[in-house]
Amino acid sequence: MSPSLPAKILPLAAAAALLASGCSSGATATDAGPPRPGGTLTIAVGSNPDCLDPQQTGTNAALNVGRQLVDSLTDQDPANGEIKPWLAERWESNADSTSFTFHLRPGATFADGTPVDAAAVKTSFDGVKALGAKALLGLGYLAAYRGATVVDPLTVRIDFTAPSAQFLQASSTMSLGILAPAAYGKTPEQRCQGDGLIGSGPFVFDSFKQNADIVITKRKGYAWGSSLWRHQGEAYLDRIDYKIVPEPGVRTGSLLSGQIGATTEVQPVDETQFQGNGFSEQTRPNPGIVFNLHANVTRGALTDDNVRQALVKGVNRQEVVDTVLSPNYKPATSILASTTPLHADLSAQLAYDPAGAARLLDAAGWVPGADGIRARNGQRLTAKVVYALVFNQSQSVLELIQQQLRRIGFDLVLEPHPNAEVLQIQQVNSYDLLWYNVTRADPDILRNNFSTKAGNRSRLLPGNPLDAVLDAQAATVDPAARKQPVTEAQRLIVANGYAIPVFELTQVVALGPDVHAVNFEASSRLQLFDTWTSGS
Amino acid sequence: MRRYLLRRAGQAVLVLWAAFTVSFVILYLLPGDAVLAKLGGADTGTALTAEQVARAQAEYGLDDPWPVQYGKRLLAALHGDFGKSITTGDSATHMVLTALPPTLAVAGLGLVLAILFGGGAALAGTYTRHRWLGTLLQSLPPLGISLPVFWVGLVLIQIFSFQLRVLPALGNHGPESLILPAITLALPTGAIIGQVLAKSLRTQLAEPYVEIVRARGAGRARVHFGHVLRNAAIPALTMLGVVAGQLLAGSVVTETVFSRDGVGRVTTAAVNAQDVPVVQAVIVLAAFCFVVINLAVDLLYPLLDPRVRREVAHV
Numbered sequence: 001m002s003p004s005l006p007a008k009i010l011p012l013a014a015a016a017a018l019l020a021s022g023c024s025s026g027a028t029a030t031d032a033g034p035p036r037p038g039g040t041l042t043i044a045v046g047s048n049p050d051c052l053d054p055q056q057t058g059t060n061a062a063l064n065v066g067r068q069l070v071d072s073l074t075d076q077d078p079a080n081g082e083i084k085p086w087l088a089e090r091w092e093s094n095a096d097s098t099s100f101t102f103h104l105r106p107g108a109t110f111a112d113g114t115p116v117d118a119a120a121v122k123t124s125f126d127g128v129k130a131l132g133a134k135a136l137l138g139l140g141y142l143a144a145y146r147g148a149t150v151v152d153p154l155t156v157r158i159d160f161t162a163p164s165a166q167f168l169q170a171s172s173t174m175s176l177g178i179l180a181p182a183a184y185g186k187t188p189e190q191r192c193q194g195d196g197l198i199g200s201g202p203f204v205f206d207s208f209k210q211n212a213d214i215v216i217t218k219r220k221g222y223a224w225g226s227s228l229w230r231h232q233g234e235a236y237l238d239r240i241d242y243k244i245v246p247e248p249g250v251r252t253g254s255l256l257s258g259q260i261g262a263t264t265e266v267q268p269v270d271e272t273q274f275q276g277n278g279f280s281e282q283t284r285p286n287p288g289i290v291f292n293l294h295a296n297v298t299r300g301a302l303t304d305d306n307v308r309q310a311l312v313k314g315v316n317r318q319e320v321v322d323t324v325l326s327p328n329y330k331p332a333t334s335i336l337a338s339t340t341p342l343h344a345d346l347s348a349q350l351a352y353d354p355a356g357a358a359r360l361l362d363a364a365g366w367v368p369g370a371d372g373i374r375a376r377n378g379q380r381l382t383a384k385v386v387y388a389l390v391f392n393q394s395q396s397v398l399e400l401i402q403q404q405l406r407r408i409g410f411d412l413v414l415e416p417h418p419n420a421e422v423l424q425i426q427q428v429n430s431y432d433l434l435w436y437n438v439t440r441a442d443p444d445i446l447r448n449n450f451s452t453k454a455g456n457r458s459r460l461l462p463g464n465p466l467d468a469v470l471d472a473q474a475a476t477v478d479p480a481a482r483k484q485p486v487t488e489a490q491r492l493i494v495a496n497g498y499a500i501p502v503f504e505l506t507q508v509v510a511l512g513p514d515v516h517a518v519n520f521e522a523s524s525r526l527q528l529f530d531t532w533t534s535g536s
Numbered sequence: 001m002r003r004y005l006l007r008r009a010g011q012a013v014l015v016l017w018a019a020f021t022v023s024f025v026i027l028y029l030l031p032g033d034a035v036l037a038k039l040g041g042a043d044t045g046t047a048l049t050a051e052q053v054a055r056a057q058a059e060y061g062l063d064d065p066w067p068v069q070y071g072k073r074l075l076a077a078l079h080g081d082f083g084k085s086i087t088t089g090d091s092a093t094h095m096v097l098t099a100l101p102p103t104l105a106v107a108g109l110g111l112v113l114a115i116l117f118g119g120g121a122a123l124a125g126t127y128t129r130h131r132w133l134g135t136l137l138q139s140l141p142p143l144g145i146s147l148p149v150f151w152v153g154l155v156l157i158q159i160f161s162f163q164l165r166v167l168p169a170l171g172n173h174g175p176e177s178l179i180l181p182a183i184t185l186a187l188p189t190g191a192i193i194g195q196v197l198a199k200s201l202r203t204q205l206a207e208p209y210v211e212i213v214r215a216r217g218a219g220r221a222r223v224h225f226g227h228v229l230r231n232a233a234i235p236a237l238t239m240l241g242v243v244a245g246q247l248l249a250g251s252v253v254t255e256t257v258f259s260r261d262g263v264g265r266v267t268t269a270a271v272n273a274q275d276v277p278v279v280q281a282v283i284v285l286a287a288f289c290f291v292v293i294n295l296a297v298d299l300l301y302p303l304l305d306p307r308v309r310r311e312v313a314h315v
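Residue numbers (this note's numbering), protein chains in the order written: chain A, 1 to 536; chain B, 1 to 315.
The hints are simulated quantities; they were obtained by calculation from the structure and are not laboratory data. Just so it is clear, CB atoms sit at the ideal spot from N, CA and C, and this is done for glycine as well. Any given hint could turn out to be false.
As the list claims (entries may be wrong) - Derived coverage of chain A by chain B (criterion: at least 3 residues anywhere in the stretch with Cβ under 8 Å from a Cβ of chain B; other residues may be distant):
1) 131-142
2) 180-194
3) 486-495
With the sequences and hints as input, model every part of the structure.
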C-alpha cells in the first residue's frame, strides 16, 4: 500500500515551514535599520502576572515585565551561557564557590535617584532571603545564603554555607535583580502591585491594572546597560504597554489587524499566519529541564530498570513535535534543553526504538496480554502520569505519548490535576510519573530535582552515583571543570530512565511589520532594551 | 408595609450569612490548599520544606482550627474584610470592588439592550397581524438561548474588529469598548426576557378582560401596550433575578474573550488558583446582588399590581 496523499505532503510542508521559520527568526526583510528612538510597543501576554515583583514571582508573564525594570549584578550571554558584566564590572569567587565578591560600576542609580552601591545590594539580597517561600526562585538560588558584607561602597561580598556554583548564573537573573532600599519600606504585597517596585533598569513602572494592562516607560538618563546589549545609553522605546489577552485567537487576530505590535505565546496552530506577509516570529527554546516524564523509581512497574529504559526508547519525540507542536519546537536531546550551558547531546540514546523497547520488556518477562498491554506475574505494565495544565498543548502531547507507549505494550494513564494538588501529590510521594519542565539557564537545576538532598523527584537512595556528580558540579564555577560531572549527570539520568525527556518548551513571539529586535535573554524571557519601532 | 420591609430585610441578612457559611465550608474545610497552589504555581524546581509551607500557611491564617478561622473570618467579613488574596497579596474586598465597575457597565448596557431586543421581539411578535412575521419573531428567543456566548463573542470580534476594524477587540478603555461585549451578553439574556414576555403577553391576550376593554372602544395599540403589557410585565420582572445570574455568568466568558478586567476574570483566576479569600468575597457579593435585586423586584410588584399592594398593606 502506498502512503496516502497527506502523508506525502506533510514532510514537505514541515520542511517548508522549517525554512520559513529559520528565515524569520533572524533578520527580516522589514528589519531595515538604523534603529530609531521613540514610540510605544503594545505587546499581548496570555495571562495576568498577579504579582510584578521579579523577586517574588516565577511566571513568564511577570518576568517578561520585571526584566525591563530591574538590573542584575551580571548578565548571561544567551549564545553560550557565559556570565558578563552588568551592574558589576568584575567579580571573583573562592575555590569552593562559597564566597563571591562583586565590584560594582560607579554612577548607576535607582529610579528614585539613590545610588546602586554595595549597601543597596546587601539590602536587596537580604530582602530576597527574607521573603522565604514567597521568593519562589530566589529561595532556591539563595538556599545556602549566609549573608552579604559591604567591603567598600562599591564592593560587596556574598557568602554561602555550602558550595553554590549556580549562584553566579543566578546573579544574572531578574529573580535576584537589585531593588532600591526604599522598596523594602513597602510590604511584599505592595511591591507585587508595583508600589515600591523601584529598580535601576532601563524602564520604570507606570501602572498595573489587574487583568487589563501594565505600562512601563523609559528611564531618562539610563547609562549602565549590560555589556551584552547592542547599544548603550537609554532604551529606544518611550513606553511599553503589555495587554493581558487570555484568548489565543484574539491575540492572533489583534496582531494581524494591527491593534497590537507583538504577541507572546503564539499557539502552534497559529504560527504559520506570521510567516512572510511582513510579520515575523522570534523563537527560543527555554533552557533548563525539558518537558519530561519524571519516574518515581519506588512505585509499581517503574521499579524495574528495564521498564524505564523501554519508556525512553518507546517515545517518538519527532512525532510529538511534528503532529502536536510545530517546527519551532525541538525534540529533547537530553534532560537539559539545548539552550542550557553544558547541555550534552544524547540524541542517540533518545532515538525512537520500539523494537529495542520490546526486546527489553521481553527479556524482563513482561508478556503481552489479550489487550496488547503487557503483564508479569499478574502485574499489569502501567503507570499514572500526574500533571497540571500549565502548558496548553500538554494534554495532546500526553495523549500521543499514550498511543506510542501502547505500541510497546505499556499502559500510560493520564491524571490531570490543579496546580495545588500536583504539589501536594509530589510532597506525599504518591505519583508514578510527573510531567513538567523547569526554566533555568544553569545545569544546577538537575541538582534541585534529582539530588537526594533536594527535590529528589525520582525518590533515589542517598549515596547513589548521580548524587556524587551533582555535588561535584555545584562546587566550582569553572565551566571546564563542571563539564565532566554535568555531562555524566545527564547520561546517568537518561541511561537509568530516571526521567524520560520529550521536548523543549519554546517561546514563540510574533511581531508586527513595524516592530524590530524583540530579544530573549539567556532564560528565554523578553529583553526589550534594544527593541524599536518604525511605526508612527 | 413596615413589617413587610423588615421581614424582607431579615431574610436578606439570613441569605448573606448562609452564603458566607456555605462558602466557608466548601472553600476552607474541603481538601485543596491555596498556599500550595501559589507555591506550585510556577514550576520553579525549588523543593520546599514542610516548615516553609507551614510558615506560609500561618501567614494567611490557614493554620488555626476551623471554628477559630470561621469566627475570625465572619467577624472580619462583617467589617467588609475577607482577607488578602493569596495570588496578588491585595485585599480580596478591594480586588472585587475595583473589578465591579467595568462588569456593571457591561452588564448594565447588556441588560438595556436585552430588554430592547427581547421586549421588542416579544411585543412586535404578538402585535403583528402577519402570521409569518409573528412566527419568525417568536422563534428568535430559542435561537438566542442556544447560541454559545463564547462563539458569539468571537464572531463579533472577527467581524467588527478584525475585518471591519470599527471597534476594539480588547481592553476596557472608553465607551466603544463596551459595545461588543454588551451585545454578546444581551443576546442570551434578551432571549430569556423575550421568551417569558411573549408567553405572558399571549396568555393575557386570551383573558376575558381584554374583550371588555375592547368592547369599551379601546384600539389595538391601547389594548396591547396600555393594558396587556402592564399585566404581562410582572412575570418578566420576576425573571430579573434569573437574568442577573445570567449576566454574571456571561461576564466570565465575555471578559475573557474581550480581554476586559471585571468580576468574571477575577473569579475565574481565583477559582483556578484556589484563592479562597477572593472566591469567598465574590460569592458573598453575588449573594448580595441577588438579595438587592430581588428586594427591588418585590418592592416593584405593588406598584404594578394593585392586588399585591393590598396584600402588602395588610401584612
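Hint-by-hint comparison with the structure:
| no. | hint | verdict |
| --- | --- | --- |
| 1 | 131-142 | holds (count 7) |
| 2 | 180-194 | holds (count 6) |
| 3 | 486-495 | violated (count 0) |
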